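Engineer: The lines below spell out each chain.
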Amino acid sequence: MNRTGLLAKVITITSTAIAIASGVLVLAGYFFAQKADGQSSLLTDIHLTLLNWAIILAGFAIIIGILNLFQVHLKKIQNKQKGSAYSLLLIISLVFMFLFGLIRPSQMGVVFNTIQLPVEASLMALLAVTLTYASIRLLRHRLNLLSVIFLVTSLLMLLGTAPLPLLGDIPGISDWVRPFIAQVIAVAGARGILLGVALGTLTTGLRIIFGADHPYRGNK
Amino acid sequence: MSPWLGLAGFGVVFFSAALMLGLSLLRRKKSPVFRDIPAFTRLRQAVELVVEDGSHLHVSLGRGALTTPQSASALAGLALLRQLANLASASDQPPIVTSGDATLAILSQDTLLAAAIISERATYDSTAGRLTGLTPFSYAAGAIPVIRDENVTANILMGNFGAEVALLNEAIERENAFVLAGSDNLTAQAVIYSSAQEPLIGEEIYAAGAYFESGPLHIASLTVQDILRWLIIMAILVGTLLTLAGGL
Numbered sequence: 001m002n003r004t005g006l007l008a009k010v011i012t013i014t015s016t017a018i019a020i021a022s023g024v025l026v027l028a029g030y031f032f033a034q035k036a037d038g039q040s041s042l043l044t045d046i047h048l049t050l051l052n053w054a055i056i057l058a059g060f061a062i063i064i065g066i067l068n069l070f071q072v073h074l075k076k077i078q079n080k081q082k083g084s085a086y087s088l089l090l091i092i093s094l095v096f097m098f099l100f101g102l103i104r105p106s107q108m109g110v111v112f113n114t115i116q117l118p119v120e121a122s123l124m125a126l127l128a129v130t131l132t133y134a135s136i137r138l139l140r141h142r143l144n145l146l147s148v149i150f151l152v153t154s155l156l157m158l159l160g161t162a163p164l165p166l167l168g169d170i171p172g173i174s175d176w177v178r179p180f181i182a183q184v185i186a187v188a189g190a191r192g193i194l195l196g197v198a199l200g201t202l203t204t205g206l207r208i209i210f211g212a213d214h215p216y217r218g219n220k
Numbered sequence: 001m002s003p004w005l006g007l008a009g010f011g012v013v014f015f016s017a018a019l020m021l022g023l024s025l026l027r028r029k030k031s032p033v034f035r036d037i038p039a040f041t042r043l044r045q046a047v048e049l050v051v052e053d054g055s056h057l058h059v060s061l062g063r064g065a066l067t068t069p070q071s072a073s074a075l076a077g078l079a080l081l082r083q084l085a086n087l088a089s090a091s092d093q094p095p096i097v098t099s100g101d102a103t104l105a106i107l108s109q110d111t112l113l114a115a116a117i118i119s120e121r122a123t124y125d126s127t128a129g130r131l132t133g134l135t136p137f138s139y140a141a142g143a144i145p146v147i148r149d150e151n152v153t154a155n156i157l158m159g160n161f162g163a164e165v166a167l168l169n170e171a172i173e174r175e176n177a178f179v180l181a182g183s184d185n186l187t188a189q190a191v192i193y194s195s196a197q198e199p200l201i202g203e204e205i206y207a208a209g210a211y212f213e214s215g216p217l218h219i220a221s222l223t224v225q226d227i228l229r230w231l232i233i234m235a236i237l238v239g240t241l242l243t244l245a246g247g248l
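Keeping their order, the protein sequence lines are chains U and L.
Position 46 (the first sequence) corresponds to 46 in my numbering; numbering is contiguous.
Position 134 (the second sequence) corresponds to 134 in my numbering; numbering is contiguous.
Think of the hints as simulated: they come from the structure by calculation, not from any bench.
What you are looking at is a predicted structure, and each value in this text was computed from that prediction instead of being measured.
Note that CB positions come from ideal geometry on N, CA and C, so glycine has one too.
One or more of the hints may lead you astray.
[What the hints assert, rightly or not] Covered stretches of chain L, as calculated for chain U (at least 3 residues, CB under 8 Å):
{"#": "1", "segment": "75–86"}
{"#": "2", "segment": "155–168"}
{"#": "3", "segment": "173–180"}
{"#": "4", "segment": "188–201"}
[To be verified] Computed footprint of chain L on chain U, listed as stretches where at least three residues anywhere in the stretch have a Cβ under 8 Å from a Cβ of chain L:
{"#": "5", "segment": "48–60"}
{"#": "6", "segment": "132–140"}
[As the list claims (entries may be wrong)] If the Cβ cut is set under 8 Å, some of the chain U residues that face chain L in the computed set are:
{"#": "7", "residue": "V24"}
{"#": "8", "residue": "L27"}
{"#": "9", "residue": "A33"}
{"#": "10", "residue": "D37"}
{"#": "11", "residue": "A85"}
{"#": "12", "residue": "F100"}
{"#": "13", "residue": "P118"}
{"#": "14", "residue": "A188"}
{"#": "15", "residue": "T204"}
{"#": "16", "residue": "R207"}
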């Protein structure tokens with residue numbers, strides 16, 4: 001093995017060991033938070049320290065992420081790729097907001113509320129149309145019993161939630177069907193799915209603690 | 001958290017860990033048998049097509065920050081990315097990874113770098129792992145041009161999303177590209193079911209890594225999930241019966 005290979009191996013083993021140790025300490029800090037006398041344990045202190053370090057690192061990661069965003073769009077402009085005009089607009093906005101934040105930090109909220117929020121609200125409105133269209137398209141993609149149940153349920157929920165003009169609430173659907181679906185069937189299904197997600201989260205975490213999955217320093 | 005609750009939680013985690021280790025040691029020589037999830041079979045075919053036609057594979061990891069519990073789905077997405085990047089390493093075009101969280105963007109770059117080193121590819125493009133936005137809709141708005149303009153024929157959306165995933169699916173549908181999507185978020189799962197070609201529901205996203213890299217611990221983790229699920233079902237049934245009996 002050459003020197004570079006050896007160095008890579010050492011880095012991989014060290015980072016895996018640090019990750020496993022941090023994972024175990026944070027996990028133990030959750031379970032053994034208090035001593036018998038009710039005071040916080042040493043594990044809690046370690047747990048909080050590690051989490052604080054993670055939050056600080058995540059803050060630096062945002063700076064790197066924004067530089068990455070800048071680099072991606074600069075490259076698009078340089079290569080005159082499709083949509084490079086939008087990339088130029090993004091870079092101008094990014095620089096403008098950065099300078100504005102330095103000069104008038106107290107006014108940042110105003111700019112955010114008057115530009116970013118309305119744009120996101122428009123996308124939210126677009127989402128309503130997109131979802132309606134997707135529901136119609138569902139039968140073309142998957143014509144099966146589950147798809148039909150999905151669409152019929154959606155329709156019943158809509159009818160039960162939004163009163164019809166002139167008619168108002170629909171008897172039976174608004175006062176019985178909708179609450180039954182929302183509070184019994186949907187809740188039972190959601191709890192089942194959430195239990196599955198929780199079990200998946202647990203085993204994913206354990207795989208990382210055991211070093212079977214390592215999303216850090218991947219070149220083993 | 002009360003000490004007893006903490007001890008109970010530790011017991012569950014310790015039991016799961018011991019079971020996972022034990023099963024992985026017992027079954028390490030047996031060939032794994034998986035339940036059929038057609039979405040994963042079609043994903044493999046889609047990746048092979050990507051390699052053949054020289055187009056891009058797009059993986060979107062959502063916006064589950066690493067310091068939150070939502071990161072597990074993104075970590076499952078990263079595990080899958082690692083396998084797919086190795087599978088697609090024969091192609092000239094590395095996968096493009098988009099995310100709505102900076103730490104995920106960095107981890108995706110590291111994963112792509114690892115794939116480039118393993119496949120001994122001469123160049124590594126740091127812009128292939130991208131942060132596209134920090135709010136749900138800016139993230140979606142940043143990922144849509146990747147789907148539309150960068151010759152992408154297969155998309156994997158795996159991580160923590162909200163309803164904005166519908167916008168991504170709509171863009172993919174317009175490009176007539178393949179999509180496999182899964183999320184840990186209930187709203188996103190409903191949206192994905194109605195809008196994605198190949199939806200993954202519930203814990204299926206956490207099984208993705210095992211379906212592509214069947215290491216002993218991966219397979220054991222699926223078995224542990226099944227065992228714990230049955231234990232929970234039994235506990236619920238016994239609890240219901242006891243409640244009924246108490247009410248009689």
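Engineer: All hints, please: hold or fail.
Structural biologist: A quick look at each hint next to the structure:
1. With 5 residues having a Cβ less than 8 Å from any Cβ of chain U, the segment 75–86 of chain L passes the three-residue criterion, so the hint holds.
2. For the segment 155–168 of chain L, the assignment as covered by chain U holds, since 4 residues bring a beta-carbon within under 8 Å of that chain's beta-carbons and 3 suffice.
3. Closer than 8 Å: that is the beta-carbon criterion, and the segment 173–180 of chain L has 1 residues meeting it against chain U, so the requirement of 3 is violated.
4. Interface restraint, the segment 188–201 of chain L with chain U: holds (7 residues with C-beta to C-beta distance below 8 Å; minimum three).
5. Residues of the segment 48–60 of chain U with a Cβ under 8 Å from some Cβ of chain L number 5, which satisfies the need for three, so the listed coverage holds.
6. Check on the segment 132–140 of chain U: 5 of its residues sit with their Cβ under 8 Å from a Cβ of chain L, so the three-residue criterion for coverage holds.
7. Interface restraint check for V24 (chain U): the shortest CB-CB distance to chain L comes to about 10 Å, outside 8 Å, so the restraint is violated.
8. At a threshold of 8 Å, the smallest CB-CB gap from L27 (chain U) to chain L is about 7 Å, leaving the interface hint in force.
9. Because the beta carbon of A33 (chain U) sits about 6 Å from the nearest beta carbon in chain L, less than 8 Å, this interface hint is met.
10. Because the closest C-beta pair between D37 (chain U) and chain L is about 11 Å apart, greater than 8 Å, the hint is violated.
11. With a cut of 8 Å, the hint placing A85 (chain U) at the interface with chain L is violated, because the nearest CB-to-CB distance is about 11 Å.
12. Because the closest C-beta pair between F100 (chain U) and chain L is about 17 Å apart, greater than 8 Å, the hint is violated.
13. Checking P118 (chain U) against chain L by beta carbon gives a least distance of about 11 Å; that is not within 8 Å, so the hint is violated.
14. Given the 8 Å rule on beta carbons, the hint for A188 (chain U) is violated: about 10 Å separates it from the nearest Cβ of chain L.
15. At a threshold of 8 Å, the smallest CB-CB gap from T204 (chain U) to chain L is about 5 Å, leaving the interface hint in force.
16. A cut of 8 Å between beta carbons decides the hint on R207 (chain U): the least distance to chain L is about 6 Å, and the hint holds.
Figure legend: structure checked against the earlier numbered hints; hints not met, in rising order: 3, 7, 10, 11, 12, 13, 14.
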